Every structure is written in structure tokens, then in C-alpha cells.
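Q: Listed here are the chains, written in short residue letters.
There are 4 protein chains.
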Amino acid sequence: MDATRNNEQTITGSAHGYIKARDKELLQNRLKRIEGQVRGVQRMVDEEAYCVDVLTQIASVVSALEKVGTILLKDHVEHCVRESIENGEDADEKIEELTAAVERFLRV
Amino acid sequence: MDATRNNEQTITGSAHGYIKARDKELLQNRLKRIEGQVRGVQRMVDEEAYCVDVLTQIASVVSALEKVGTILLKDHVEHCVRESIENGEDADEKIEELTAAVERFLRV
Amino acid sequence: MDATRNNEQTITGSAHGYIKARDKELLQNRLKRIEGQVRGVQRMVDEEAYCVDVLTQIASVVSALEKVGTILLKDHVEHCVRESIENGEDADEKIEELTAAVERFLRV
Amino acid sequence: MDATRNNEQTITGSAHGYIKARDKELLQNRLKRIEGQVRGVQRMVDEEAYCVDVLTQIASVVSALEKVGTILLKDHVEHCVRESIENGEDADEKIEELTAAVERFLRV
Chain F
2 MDATRNNEQT
12 ITGSAHGYIK
22 ARDKELLQNR
32 LKRIEGQVRG
42 VQRMVDEEAY
52 CVDVLTQIAS
62 VVSALEKVGT
72 ILLKDHVEHC
82 VRESIENGED
92 ADEKIEELTA
102 AVERFLRV
Chain S
2 MDATRNNEQT
12 ITGSAHGYIK
22 ARDKELLQNR
32 LKRIEGQVRG
42 VQRMVDEEAY
52 CVDVLTQIAS
62 VVSALEKVGT
72 ILLKDHVEHC
82 VRESIENGED
92 ADEKIEELTA
102 AVERFLRV
Chain W
2 MDATRNNEQT
12 ITGSAHGYIK
22 ARDKELLQNR
32 LKRIEGQVRG
42 VQRMVDEEAY
52 CVDVLTQIAS
62 VVSALEKVGT
72 ILLKDHVEHC
82 VRESIENGED
92 ADEKIEELTA
102 AVERFLRV
Chain A
2 MDATRNNEQT
12 ITGSAHGYIK
22 ARDKELLQNR
32 LKRIEGQVRG
42 VQRMVDEEAY
52 CVDVLTQIAS
62 VVSALEKVGT
72 ILLKDHVEHC
82 VRESIENGED
92 ADEKIEELTA
102 AVERFLRV
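Quick note, the sequences are listed as chains F, S, W and A, same order. Each residue of the first sequence is one higher than the one before, counting from 2 in the working numbering. Each residue of the second sequence is one higher than the one before, counting from 2 in the working numbering. Each residue of the third sequence is one higher than the one before, counting from 2 in the working numbering. Each residue of the fourth sequence is one higher than the one before, counting from 2 in the working numbering.
Okay, chain F solo, but in the shape it has when bound (with noise of 0.2 Å):
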């Protein structure tokens, strides 16, 4: 498996590379942070805190999970989508494909 990830990041990464470096260190920080609540929420359930208190916990992971959601479609847009304007390349397919990750974060 680990071979076939090797084979995926030289593919895409050349591919696509459209995530800002800025950003990239941004979202790993943030993804981090998130892992490590999500741990946190598995220790509360272990220990059978409140369960008020879990149920906070996840609804702030999820706010975490949709910021990184909104930079994500900024660079998105950013890059894929404005690329594809600019050069007159499948633009209508990028926005069709925009508005789909919307709806399916809005779940509509």
C-alpha cells in the first residue's frame, strides 16, 4: 500500500500541486490539532465524562473540520477553478464540480 501512495503522491503532486505551501502547513497544523481532539473525544467516552461535555467537544471538531473545509475550497477556487477560466479549459465542469462539494457540505 505504501508503495501505491509513493506512486499516487508523484502522480498527483505533479498533477495538481494546486494547494498554497502556505496553506499546505496550515491544514497539516490544523489536521493535527484535529486528530489529536478527536483522540481526545475517544478518552472522554473512555472515561464516560459528561456526556454533554463530549457532545461539545465533537460539534468544536466539527467547526475545526469546516474551516479546513473553506480554505481547502478557497485554494480550490483559487487555483483549479481560475486556471480553468483563464485558460478556457473545462471551466463549466470545475464550477459544476465546485457547487457539488458545496452541496455536499451543506448537504442539500
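Check before you lean on any hint, since a few could be wrong.
Any copy, or any two copies together, can satisfy a pair, since identical chains are not distinguished.
No farther apart than 25 Å at their CA atoms in a straight line, the calculated lysine to any residue pairs in the SDA-like style are these [stated by the list, open to error]:
(1) 33 x 95
(2) 68 x 84
(3) 75 x 49
(4) 33 x 47
(5) 95 x 30
(6) 25 x 98
(7) 33 x 87
(8) 68 x 107
(9) 75 x 105
(10) 95 x 81
(11) 33 x 94
(12) 33 x 93
(13) 68 x 87
(14) 25 x 61
(15) 25 x 48
(16) 75 x 31
(17) 75 x 64
(18) 33 x 109
(19) 33 x 91
(20) 21 x 87
(21) 75 x 26
(22) 33 x 22
(23) 68 x 27
(24) 75 x 34
(25) 68 x 97
(26) 68 x 90
(27) 75 x 23
(28) 68 x 88
(29) 75 x 27
(30) 21 x 104
No lab work stands behind these hints: they were computed from the structure. None of these values were measured; they are calculated from a predicted model.
Here the structure of chain F is known, so what remains is to put chains S, W and A in place on it, guided by the hints.
A: Chains S, W and A in isolation, oriented as in the chain F frame:
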């Protein structure tokens, strides 16, 4: 910090213990899977996977977390809220807390 | 259809009557305002207002509706769920219904 | 106030006019239906319908509004954002505005 944790466990463990044993395992399994999904998102960002795919994955983690939230909510109503109503103790406070938790989820 | 409505009113009015008189007025005021906001959105679309402003207005109507939802939810727990627990009647069913309603809101 | 509205219409009508004619009718139909649904909720509250049914109806209005939101969002990207990128004018500002609008929807 670990000492504190152990203390908390003792206290909260005996004070609450309201998560059904069956749900506890179910919740831990789901939370483990969510943790894996978050790490998967980190990998996708690292490998510069296609942004829309990362967004789809994030939307799926959000759904999984909200599902965990509703399982906890149900356990909470079935135990804490129910007991407080049956014992005529703090029922108003528990109900207030419950709706506040739902509001935090809906962010209203 | 109006005849049916009147019938329903008689039946449901006596069967439920669980919305607090105070909340009923509050809810109607909020719903009236929401109706006005929806008409405002129609006007904005009609007059081709700036799309982002229309989106902001829609997001605000969604928040207002979810706020109404949580008021109803609280009344529901305070009355139906509480009564069914106190009377030891259909409590499980009521709690099941409650979490299903929350899930519909979160769309999980 | 009506005079103002007419003024606004003239100004914004010529300034924007970005909603597709086809979508404008579609949006108005959806918004009319949403207005009817909100009045339906008012009637349900008035007639003290079963709370869970009212909540279900509200959840359905929220979905319908978010659907309208995504149609507007798509029109916005297809017109305003696209044009600003094509003309190389205010593209950054438009993209910033777009993600801010999505964030308001997700309330992150």
C-alpha cells in the same frame, strides 16, 4: 496530567457511567474510524490529492462525527434526562442543557 | 381541505396542546418575520440584487428557522418527552422520535 | 420605501443582472413554495400540530433554502467570479467574497 486524568476517570466514571456498554464500544469503533479518516485527509493534503476529493472526504468525516453526536445525545436523554425526570431532580436544568447542546451543533 | 384542517385542529389541539402559550406567540412572531424575510429574498432575486447579499440573507433565514426548531425541540422535551417519562408511557418511543428529529436537522 | 426599492432595482438591475433568466424563474418558484411552507409551519403551530411533525417540516424548509443558496452560488461563480477572472479585475476580491459566503452558510 495523567494523574489528573486518572482522577477524573474515577470521579466521572462513578458520577456518570451513563453511556450504554453496547454504545461505548460502538462509539469507540466509530471514533477510531474517524481518527483514521482524519489521518487519511492529512495524507491527501500531503500528497496534494485533488481538492474536491479532499473536500468530499472532509464532508464524510463531518457526517460521521455528527452521527456519533446523535448516538451520545440519545444515550444522554435515555439516561441523564430520563433519570432526572423520574427522580424529579434537576429536570429543568437537564433539559436546558440538552437543548443548548443541540444548539451548539446547529450553531444557532 | 379546510374542513380537514378544522377537524385536525380540534383533534390535535386537544391531543397535544404542548406548546407553551408564551412560546406560541414567540414562535408565531418569529415565523411571521421569517415569512417576511423569504419575501425579501424574492424581491432581491426579482431586482437582481448582488448574489452574495442574497446568500447572506438566505443564511440568516436558515439560522432563524433553526432557532425556531430548537425552541420547539425544548417545548417537546419539556412536555411530551417529560410527561411520557413521568407517566412511564411510551418513553422509549418518544426519545427515539426526538433523536430522529435532531438527526433530520443535522441530516446525518 | 417603495421609491427606494425602485431606485435600487434600476441600479442593481443594470449593475449585476447576473442571475440566469432560466434560474430566476426557478428560484422564484422555489421561494414561493418556501414561503408557502413557512405559512404552513405557522398554521401547524397555530393548530398545535405534533411538535415532531413541525420540526420535520422546518428541517425541510431549511433544506429547500440551502438548495436555493447553492443555485445562487453556482450562478455567482458562473457569472461574477468567472467574469472577474476573465477580465482580470477584482478576481481575488470576488473569490474572497465567495468563500466568505460559503462560511456564513456553514457558520464556521
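Q: Work down the list of hints and note, for each, if the structure agrees.
A: Verification of the hints:
no.: 1; hint: 33 x 95; in the structure: neither (29 Å within a copy, 30 Å between copies)
no.: 2; hint: 68 x 84; in the structure: within (24 Å within a copy, 27 Å between copies)
no.: 3; hint: 75 x 49; in the structure: between (39 Å within a copy, 15 Å between copies)
no.: 4; hint: 33 x 47; in the structure: both (21 Å within a copy, 12 Å between copies)
no.: 5; hint: 95 x 30; in the structure: neither (28 Å within a copy, 27 Å between copies)
no.: 6; hint: 25 x 98; in the structure: both (22 Å within a copy, 22 Å between copies)
no.: 7; hint: 33 x 87; in the structure: neither (35 Å within a copy, 37 Å between copies)
no.: 8; hint: 68 x 107; in the structure: both (13 Å within a copy, 9 Å between copies)
no.: 9; hint: 75 x 105; in the structure: both (16 Å within a copy, 14 Å between copies)
no.: 10; hint: 95 x 81; in the structure: both (7 Å within a copy, 15 Å between copies)
no.: 11; hint: 33 x 94; in the structure: neither (32 Å within a copy, 30 Å between copies)
no.: 12; hint: 33 x 93; in the structure: neither (34 Å within a copy, 29 Å between copies)
no.: 13; hint: 68 x 87; in the structure: neither (27 Å within a copy, 28 Å between copies)
no.: 14; hint: 25 x 61; in the structure: both (22 Å within a copy, 21 Å between copies)
no.: 15; hint: 25 x 48; in the structure: between (34 Å within a copy, 10 Å between copies)
no.: 16; hint: 75 x 31; in the structure: within (16 Å within a copy, 28 Å between copies)
no.: 17; hint: 75 x 64; in the structure: both (17 Å within a copy, 21 Å between copies)
no.: 18; hint: 33 x 109; in the structure: between (29 Å within a copy, 18 Å between copies)
no.: 19; hint: 33 x 91; in the structure: neither (34 Å within a copy, 34 Å between copies)
no.: 20; hint: 21 x 87; in the structure: both (18 Å within a copy, 22 Å between copies)
no.: 21; hint: 75 x 26; in the structure: within (15 Å within a copy, 30 Å between copies)
no.: 22; hint: 33 x 22; in the structure: within (17 Å within a copy, 29 Å between copies)
no.: 23; hint: 68 x 27; in the structure: within (11 Å within a copy, 27 Å between copies)
no.: 24; hint: 75 x 34; in the structure: within (21 Å within a copy, 27 Å between copies)
no.: 25; hint: 68 x 97; in the structure: both (22 Å within a copy, 14 Å between copies)
no.: 26; hint: 68 x 90; in the structure: neither (29 Å within a copy, 27 Å between copies)
no.: 27; hint: 75 x 23; in the structure: within (13 Å within a copy, 28 Å between copies)
no.: 28; hint: 68 x 88; in the structure: neither (29 Å within a copy, 30 Å between copies)
no.: 29; hint: 75 x 27; in the structure: within (13 Å within a copy, 28 Å between copies)
no.: 30; hint: 21 x 104; in the structure: both (24 Å within a copy, 20 Å between copies)
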